[in-house]
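Take a look at the letters that make up each chain.
2 protein chains.
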Amino acid sequence: MKNEEGKLPDANQPISTAMVQARRSEFDFIEDLRERTTSSKGSLPITPGHSVLISGIGDDAAVVRNASSKDTVLTADLLVEDIDFRRTTTPPFLLGHKALAVSLSDVAAMGARPRWSMLSIGVPEDVWHSEFIDNFYDGLLSLAGRYDVQLIGGDTSRTSEKIVIDSTLIGECNSGQAISRGGAKPGDLIFVTGTLGGAAGGLRLVERGAHLADQNLTASDTDSLDHLLLRHLRPEPRVGWGMVLGQERLATAMIDISDGLSSDLNHLCEASGVGAFIEATRIPVDANVVDLSGRRALDPLQLALHGGVDFELLFTVTPERATKLPRRVDGVAITRIGEVREHSHGVKIAEGTRVWDLGPGGWDHFG
Amino acid sequence: MKNEEGKLPDANQPISTAMVQARRSEFDFIEDLRERTTSSKGSLPITPGHSVLISGIGDDAAVVRNASSKDTVLTADLLVEDIDFRRTTTPPFLLGHKALAVSLSDVAAMGARPRWSMLSIGVPEDVWHSEFIDNFYDGLLSLAGRYDVQLIGGDTSRTSEKIVIDSTLIGECNSGQAISRGGAKPGDLIFVTGTLGGAAGGLRLVERGAHLADQNLTASDTDSLDHLLLRHLRPEPRVGWGMVLGQERLATAMIDISDGLSSDLNHLCEASGVGAFIEATRIPVDANVVDLSGRRALDPLQLALHGGVDFELLFTVTPERATKLPRRVDGVAITRIGEVREHSHGVKIAEGTRVWDLGPGGWDHFG
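Keeping their order, the protein sequence lines are chains A and B.
Position one of the first sequence corresponds to residue 10 (this note's numbering), numbered consecutively onward.
Position one of the second sequence corresponds to residue 10 (this note's numbering), numbered consecutively onward.
Looking at chain A on its own, in the form it has when it is part of the complex (with noise of 0.2 Å):
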C-alpha cells in the first residue's frame, strides 16, 4: 500500500486521529484479505508440475514459483463505473464476479489454465465504509474458488467520486502451447461456444429500466428477462472450454468474444492473415433474445452479430482436429459457424442466397 498525498500529515499540524484511523482501517481490510485468501480451498485439484504460490497478500509484491514445464499468461483488465458498469443497476457481489470474469475470459482464450488473480479497487470514501466492498469480494472470490484461483495482491485507493477496477489474471499452459489470435489457416473451421446477443439484450434491458429481481437466483429459476439480465451482470466465462482446447492442442487461433462476433472475428482473421466465411443461420442466437424481440423490440441477429460482451469462445480447429473436439465441457455446447478463408476474399457472412463483409462492428452492405 503506498501513502496517500491527500492525507499525509501538515507539517504544522499533528497527526490527526482521523487520518492513523482511515489508514489502520485499511491495514485491518487487507489482513482480513490476507486470511480469508490464504485459507481459501479451490474446487479443481492442482497436478504436480503446475507453478505454486509462495507468497501471497502482507508483503512488496506477491511471490510465485514457477513451473519449468509452463508458460504464465498475463491479463488486465480495467472496469470504470458509468463507462463499464453502473452501479445502480450492478449489486457489488455481481461487479467482483464480473470483474473476475473478464479476466477469466481473457486467459481461456489463451487455452490456459487461471491461477492468480490481483485486484486493484479504488472507492469513495462513503463506499469504503459501506457493505460494498465485502460484497465484492464475497462475489470475486466465490467465483475464483470455482476454478482454484487465488487472489494474492492488489492495491487498494480512496477515490473523490467513481469506483475504479482493475482485475490482472495470472494463468499458466504448457510451455509453447498458449493460443493466440494468429494461427488460424485457410480451411480451419469456425466454432463459438454456447450463445450470442443473451448480455447485449440483457444490457438493452438495463438500460430500459429492467432490473434484477434476486442476485442470488439461478439461472435456471429465472425466466427468459432475468436470463439476458444474468447474461449482461454475472457473465460465465468459458474457462473449462478454453484449458480443454488448449491443453488438447484442438484450436489452431482463439479469441474470447468482449467486442462483439463481427468485431472479434476481424481481430482474429487480422492476426492470422485470413479470410473468413460464416452462416448468419448457423450462428446460435440466444433463445431468450428471440423469445423477447417482438415485446422488447430487441434484433436477435443484429445483437448476436454485433452486441459483444458474450464472453464465449471464438476459435479456429483444422478439419482432422474437429472429429476430436467434446460435444460439451461444463454444460456448454459449441457450434460451428463457418470456415477459415484465404484473406483475399475478406470477412463475409451469408444470409440465405446472399453474401455481405462482415466489418468490424456492423453491417457493411457493399458485398
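Each hint should be verified, as a subset may be incorrect.
It does not matter which identical chain is used: a pair holds within one copy or between any two.
Unchecked claim - DMTMM-like, lysine to aspartate or glutamate: derived pairs with alpha carbons at most 25 Å apart:
hint: 1; residue 1: K194; residue 2: E279
hint: 2; residue 1: K357; residue 2: E329
hint: 3; residue 1: K194; residue 2: E40
hint: 4; residue 1: K357; residue 2: D339
hint: 5; residue 1: K357; residue 2: D37
hint: 6; residue 1: K194; residue 2: E329
hint: 7; residue 1: K333; residue 2: E348
Worth flagging that the hints you see were computed from the coordinates, not collected in a lab.
Just so it is clear, the structure is predicted and the values come from calculations on it, not from any experiment.
Following the hints, complete the assembly by docking chain B onto the known chain A.
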C-alpha cells in the same frame, strides 16, 4: 480491450461513425504501443536462465516463458487523480515515470529484478485526444528502458472525469531468495538507502504552490527547491540496491519506504515479530530539506520519519554479512540507523539521552 458499455450502439440506431472512429483510434493506439514495445531495446543485458517474453501487447493476454530456477514476483499500484497525484502539478511525462517507479520500488524491496510491466489507464475523453497519453508513455517507457523492463500488456478505458492508473509489475529472483518483510532477527543491523524527507518536503512545497521550472532538468542542474520537487515528482526507485541485496543474499528483511520510515519500520517489525532501536541522529535526512527548513518552515526530522514516498529501501542485515555490503550502488549510499531488538523491546527511537516509542505515522510520547 473490452467493449465499453457506454459506447454500445442502440439497437434502433445505426452504429455511429463517431463510435467507430473512437474505437478505431484506440486500436491504432494499441498497435502503435505494440510496435514501440516490441522494438525497444533495454540497457541491461539479460543473462541466460532468465524468463523470456513469448508475446506481449496485441492478444488476449501476454505470454512469458519461465526460467525454472527463478521465482516470479508480482505487485500492483493504483494511482488516482486528486488522491495520489494532481494533474496541475504533475506533468504527464513524470506521471508515467512515477506510475512505473512505485512498482519498481516494490519489486526492488523483494530483492528481485524487474522484468515486465502491465499498465492500465483510464482517462477522460479530452485527455485521450490530447498529447497526454503520448507523454505519459514516453515517461513510462523511458524509465522502463533504463532497467530493461518491457511493457507487455494492460488495458485502457474512458473515465468520466479523473485519470486513474494501475501499474502491475512482474519481476524475478533466484528461486527461494525473495526478501520478505518477515526475516529480521534480533541483533540484525538496520540500514536505509539514500536520504529521507525529500519527497515529503517536495510535496509540501507543491501544496504551497511551488512549480518545477523545467521537467527535463536533471537533479544535478537544480537547486535545493527543484531537488525536493523532483524527489516528490520523479521518485528514483532503488532497483540496483534491491537486486544486489537479493542476489548476494545480504538482507534478512526488506521493505520500501512508501508510507514513511516510522510506518514501514513498524510493518517490517510486525512481519518479523521483532522490535527495533534506531537513533535519530543517524537518520540520513535530506540535506535540501535542512537547507530550506528555516525559510520554508519544514521540520526535517518529522518529514524524514513520517513523510513517506521517498521510495528508499529499509533493510536488515546480520552483523557478519554487513561487512559484505557495498558502499554505493548506482551512486547511492546506505546508512546504518539502528538495530533489531526482541519483540518485547518495542520499536523505539533515541534522540540524545531520551528514548521514545516510534509508532507508525507519528511520535507516541509515552516512552
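Next on the checklist: At most 25 Å between alpha carbons: which applies to K194 and E40, within, between, both or neither?
Outcome noted: between (50 Å within a copy, 23 Å between copies)
Checklist entry - 25 Å Cα cut-off: does K357 pair with D37 within a copy, between copies, both or neither? => result between (56 Å within a copy, 23 Å between copies)
Item to check | Homomeric proximity label, K357 with E329: Cα distance no greater than 25 Å | outcome: within (24 Å within a copy, 72 Å between copies)
Next on the checklist: At most 25 Å between alpha carbons: which applies to K333 and E348, within, between, both or neither?
Outcome noted: within (17 Å within a copy, 65 Å between copies)
Checklist entry - For the identical chains here, do K357 and D339 meet the 25 Å Cα criterion within one copy, between copies, both, or neither? => result So K357 and D339 fail the 25 Å test inside a copy (31 Å) and across (58 Å) alike.
Next on the checklist: Regarding K194 and E279, is the shortest C-alpha distance of 25 Å or less found within a copy, between copies, in both, or in neither?
Outcome noted: Intra 12 Å, inter 57 Å, cutoff 25 Å: intra-copy only.
Checklist entry - Can you tell me if K194 and E329 fall within 25 Å by alpha carbon in one copy, between copies, both or neither? => result So K194 and E329 pass the 25 Å test inside one copy only (13 Å; across, 62 Å).
Taken one by one, the earlier hints fail for this structure only at number 4.
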